[in-house]
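A.B. asks: Each chain, written out:
Number of protein chains: 2
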Amino acid sequence: MAKKTNAFYAQSGGVTAVINASAAGVIQTARLHKDRIGKVFAGRNGILGALTEDLIDTTKESASAIEALRYTPSGAFGSCRFKLKSLDANRREYERLIEVFKAHNIGYFFYNGGGDSADTCFKVSQLSESLGYPLQAIHVPKTIDNDLPITDCCPGFGSVAKYVAVSTLEASFDVRSMCSTSTKVFVVEVMGRHAGWIAAAGGLVEDHGIPVVILFPEIPFDQKKFLTLVDKHVKTHGYCTVVVSEGCHNADGSFLAEQGSRDAFGHAQLGGAAPVVANMIKHALGHKFHWAVADYLQRAARHIASKTDVKQAYELGQKAVELALKGHNAVMPTVDRISDTPYKYRIGMAPLAKVANVEKFMPRDFITKDGFGITDKCKRYLRPLIQGEDPPKFKDGLPVYVTLKNVAVAKKLPAFSLK
Amino acid sequence: MAKKTNAFYAQSGGVTAVINASAAGVIQTARLHKDRIGKVFAGRNGILGALTEDLIDTTKESASAIEALRYTPSGAFGSCRFKLKSLDANRREYERLIEVFKAHNIGYFFYNGGGDSADTCFKVSQLSESLGYPLQAIHVPKTIDNDLPITDCCPGFGSVAKYVAVSTLEASFDVRSMCSTSTKVFVVEVMGRHAGWIAAAGGLVEDHGIPVVILFPEIPFDQKKFLTLVDKHVKTHGYCTVVVSEGCHNADGSFLAEQGSRDAFGHAQLGGAAPVVANMIKHALGHKFHWAVADYLQRAARHIASKTDVKQAYELGQKAVELALKGHNAVMPTVDRISDTPYKYRIGMAPLAKVANVEKFMPRDFITKDGFGITDKCKRYLRPLIQGEDPPKFKDGLPVYVTLKNVAVAKKLPAFSLK
Numbered sequence: 003m004a005k006k007t008n009a010f011y012a013q014s015g016g017v018t019a020v021i022n023a024s025a026a027g028v029i030q031t032a033r034l035h036k037d038r039i040g041k042v043f044a045g046r047n048g049i050l051g052a053l054t055e056d057l058i059d060t061t062k063e064s065a066s067a068i069e070a071l072r073y074t075p076s077g078a079f080g081s082c083r084f085k086l087k088s089l090d091a092n093r094r095e096y097e098r099l100i101e102v103f104k105a106h107n108i109g110y111f112f113y114n115g116g117g118d119s120a121d122t123c124f125k126v127s128q129l130s131e132s133l134g135y136p137l138q139a140i141h142v143p144k145t146i147d148n149d150l151p152i153t154d155c156c157p158g159f160g161s162v163a164k165y166v167a168v169s170t171l172e173a174s175f176d177v178r179s180m181c182s183t184s185t186k187v188f189v190v191e192v193m194g195r196h197a198g199w200i201a202a203a204g205g206l207v208e209d210h211g212i213p214v215v216i217l218f219p220e221i222p223f224d225q226k227k228f229l230t231l232v233d234k235h236v237k238t239h240g241y242c243t244v245v246v247s248e249g250c251h252n253a254d255g256s257f258l259a260e261q262g263s264r265d266a267f268g269h270a271q272l273g274g275a276a277p278v279v280a281n282m283i284k285h286a287l288g289h290k291f292h293w294a295v296a297d298y299l300q301r302a303a304r305h306i307a308s309k310t311d312v313k314q315a316y317e318l319g320q321k322a323v324e325l326a327l328k329g330h331n332a333v334m335p336t337v338d339r340i341s342d343t344p345y346k347y348r349i350g351m352a353p354l355a356k357v358a359n360v361e362k363f364m365p366r367d368f369i370t371k372d373g374f375g376i377t378d379k380c381k382r383y384l385r386p387l388i389q390g391e392d393p394p395k396f397k398d399g400l401p402v403y404v405t406l407k408n409v410a411v412a413k414k415l416p417a418f419s420l421k
Numbered sequence: 003m004a005k006k007t008n009a010f011y012a013q014s015g016g017v018t019a020v021i022n023a024s025a026a027g028v029i030q031t032a033r034l035h036k037d038r039i040g041k042v043f044a045g046r047n048g049i050l051g052a053l054t055e056d057l058i059d060t061t062k063e064s065a066s067a068i069e070a071l072r073y074t075p076s077g078a079f080g081s082c083r084f085k086l087k088s089l090d091a092n093r094r095e096y097e098r099l100i101e102v103f104k105a106h107n108i109g110y111f112f113y114n115g116g117g118d119s120a121d122t123c124f125k126v127s128q129l130s131e132s133l134g135y136p137l138q139a140i141h142v143p144k145t146i147d148n149d150l151p152i153t154d155c156c157p158g159f160g161s162v163a164k165y166v167a168v169s170t171l172e173a174s175f176d177v178r179s180m181c182s183t184s185t186k187v188f189v190v191e192v193m194g195r196h197a198g199w200i201a202a203a204g205g206l207v208e209d210h211g212i213p214v215v216i217l218f219p220e221i222p223f224d225q226k227k228f229l230t231l232v233d234k235h236v237k238t239h240g241y242c243t244v245v246v247s248e249g250c251h252n253a254d255g256s257f258l259a260e261q262g263s264r265d266a267f268g269h270a271q272l273g274g275a276a277p278v279v280a281n282m283i284k285h286a287l288g289h290k291f292h293w294a295v296a297d298y299l300q301r302a303a304r305h306i307a308s309k310t311d312v313k314q315a316y317e318l319g320q321k322a323v324e325l326a327l328k329g330h331n332a333v334m335p336t337v338d339r340i341s342d343t344p345y346k347y348r349i350g351m352a353p354l355a356k357v358a359n360v361e362k363f364m365p366r367d368f369i370t371k372d373g374f375g376i377t378d379k380c381k382r383y384l385r386p387l388i389q390g391e392d393p394p395k396f397k398d399g400l401p402v403y404v405t406l407k408n409v410a411v412a413k414k415l416p417a418f419s420l421k
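Heads up: the sequence lines are chains A and B, in that order. Residues in the first sequence are numbered from 3 upward in steps of one, following our numbering. Residues in the second sequence are numbered from 3 upward in steps of one, following our numbering.
Honestly, the hints are just simulated from the structure, not real lab data. Treat the numbers as computed from the prediction; the structure is a model and nothing was measured. One or more of the hints may lead you astray.
Heads up, the list lumps identical chains together, so a pair's fine if it works in one copy or across two of them.
Once the Cα atoms are required to be at most 20 Å apart in a straight line, the calculated SDA-like pairs of lysine to any residue come out as [what the hints assert, rightly or not]:
| hint | residue 1 | residue 2 |
| --- | --- | --- |
| 1 | 395 | 209 |
| 2 | 371 | 90 |
| 3 | 309 | 402 |
| 4 | 309 | 393 |
| 5 | 313 | 398 |
| 6 | 395 | 208 |
Between the sequences and the hints, there should be enough to build the whole structure, so can you do that?
C.D. replies: Following this line, the structure appears as structure tokens:
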């Protein structure tokens with residue numbers, strides 16, 4: 003494996019506060035191995051950049067610009083919601099990828115995304131083998147949803163968890179101080195379509211004496227039990243905080259709030275569970291309420307990112323390159339937890355065949371028996387992931403985030419039309 | 003004025019990230035003048051604590067607990083939404099206040115709130131004079147709405163402004179990186195019922211190249227012009243960020259979104275302008291959208307408070323005590339700006355007669371001619387107010403916020419029923 007070829011890196015799906023830290027890990031590590039890796043090309047807008055041969059030459063970016071990626075939320079090269087399905091249905095697209103990689107002497111494919119991207123990465127690897135093109139495909143995990151299997155956690159999640167825990171704590175203090183004459187129930191809606199990991203983070207404020215009720219996507223919504231518990235908290239504490247996952251649904255599978263539109267993956271676009279829940283409380287119990295929907299604010303909140311998360315995001319990017327240099331293919335670096343207290347982990351590796359298309363939900367024993375809270379076991383899992391602060395620099399009161407030059411690589415192939 | 007009497011301090015209305023810093027300023031300064039000021043009693047749940055003789059003995063709190071108030075959002079003694087109206091309509095309540103103050107030898111009344119509280123503070127001062135009870139009433143300004151007159155800015159505002167500017171920047175980076183295949187318009191709703199100061203802070207991200215459209219309460223909503231501008235930004239930049247004030251309304255005065263309920267002051271309880279605007283864009287232009295409603299998260303976000311704001315909140319509390327010791331009555335300490343760059347200010351003083359019931363809106367020359375942005379003049383005003391970070395300490399990944407003991411003072415009077 004002493005070849006010297008270029009590398010391709012792309013960001014996929016919903017961006018996070020730390021996906022650029024993984025990009026920094028990939029690019030900085032590749033730059034340390036110039037004998038093996040030529041240029042790192044990034045896909046403009048994710049895998050679309052490879053399909054349309056719209057490659058970005060990252061060698062045009064200064065060392066300080068790449069270093070600044072560690073502190074910059076969002077996807078610096080552009081991301082996309084574009085799923086390549088099965089090889090049968092999308093063979094033309096897969097073959098085009100290989101064609102582009104060949105044209106630009108790309109031997110390493112680093113794909114930074116969630117479950118859908120792990121699947122694409124795996125398929126690209128399979129096809130490159132069957133086409134006899136020696137491509138090494140490494141998936142760099144990323145998803146605020148924390149739903150990838152094998153790895154103990156996913157970069158992006160720890161920072162969202164920290165944002166949700168901090169925001170829930172702050173807003174609960176607010177409500178607590180106003181509840182004698184004003185708002186008694188505060189409802190905050192957080193992301194997490196199928197898995198309740200993000201909502202679970204709100205449960206960490208219990209340690210600060212806050213009465214909190216969590217609505218998980220894993221637990222069918224039971225309105226009667228929910229209202230009884232909220233009312234009990236209001237009667238006992240004077241107020242109550244509710245953290246509702248956007249994916250919370252009724253027993254029949256219908257979401258508490260659907261906006262009716264669907265994204266490119268065919269997933270329903272959610273949002274608005276918080277006002278639904280808040281109004282339900284108002285009508286049934288008469289309590290004055292306020293509600294918030296954090297939406298993108300939560301996943302973009304680099305200013306309150308978890309230092310642990312930033313570190314792991316970087317290390318997984320770094321490890322992806324090291325694995326490639328060791329000749330690995332169709333694998334994903336993972337976070338393997340060794341202990342909770344003190345928190346210790348190592349960076350391991352999983353075969354993509356075992357990662358693709360597997361979703362990891364909250365284990366039942368992470369959720370309290372009544373379905374509305376998190377257990378001590380869950381808290382032991384979550385606490386290390388939100389540890390530490392790693393704020394960006396600020397200038398004139400605002401964080402200093404980098405915008406890259408993103409210089410295009412000259413095209414070598416005919417245009418390709420996306421169907 | 004060499005009397006030695008106790009002081010009463012109360013927090014009023016919506017709490018902020020820094021109102022407790024003002025409390026620290028009042029209490030710590032009073033503790034420096036034990037020859038003149040005996041105990042500082044705080045009202046449990048604001049002025050209600052005075053009416054019901056539910057006083058908190060702040061001398062039971064350690065120096066470190068009071069110092070920790072500088073870093074703790076919300077109202078540490080409880081706040082309330084309870085407005086004493088005219089002396090004619092509420093004479094019984096005003097007289098009760100004086101009675102409680104007399105019973106506890108309270109000669110200083112520090113009231114920490116917005117416009118309504120300034121009015122109450124002024125009336126208490128007037129009544130105490132007419133009843134021959136020598137009370138000095140000092141108003142400590144506080145309102146995220148930034149709508150008090152005379153003072154250049156109001157404690158609480160700078161921190162919300164910083165939160166809104168930072169969050170808008172981060173979410174805009176997020177949308178920018180996804181817009182090729184996903185969300186093209188992001189709408190974030192912020193507070194500000196009548197004045198657009200908070201929404202204006204979103205305009206600071208223009209300096210970072212973000213296309214942003216602001217909907218102010220001061221400018222009647224013009225749907226056609228708005229949609230045209232949003233579409234133009236999407237066509238030019240690929241995406242657009244919209245910051246909508248909860249108080250945004252149509253030309254006929256109807257709010258974009260009313261929830262129908264009203265608070266104790268008779269104000270409509272707002273929320274939900276963001277989904278209204280987002281859906282409007284979807285239907286008219288077809289752009290994929292996401293929306294967020296920051297609600298309490300914005301005013302409670304002590305973790306991203308403005309250092310300037312925290313400092314001024316403290317200094318105004320400190321100055322309130324100093325003014326009282328100098329014999330002033332029916333006044334409010336103010337922030338008087340000396341220069342924008344470098345930012346210089348002094349703490350001044352305004353008579354409450356000129357503060358009560360005056361709302362300060364955004365000047366028209368702070369809003370661009372088209373009504374959807376902020377001018378350079380406005381930016382020069384806003385920038386200093388979000389300067390500096392002053393994060394709390396963190397433990398186990400969460401901010402360390404203090405919860406006081408709030409020990410009650412023994413009652414001396416018969417119970418009082420609130421009508």
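A.B. asks: If a hint holds in the structure, say so; if it doesn't, say that too.
C.D. replies: Here is what the structure says about each hint:
1. 395 <-> 209: between (31 Å within a copy, 17 Å between copies)
2. 371 <-> 90: neither (44 Å within a copy, 56 Å between copies)
3. 309 <-> 402: both (17 Å within a copy, 17 Å between copies)
4. 309 <-> 393: Both: 8 Å inside a copy, 15 Å across copies.
5. 313 <-> 398: Answer is between: at 17 Å across copies they meet the 20 Å cutoff, but 27 Å inside does not.
6. 395 <-> 208: between (31 Å within a copy, 19 Å between copies)
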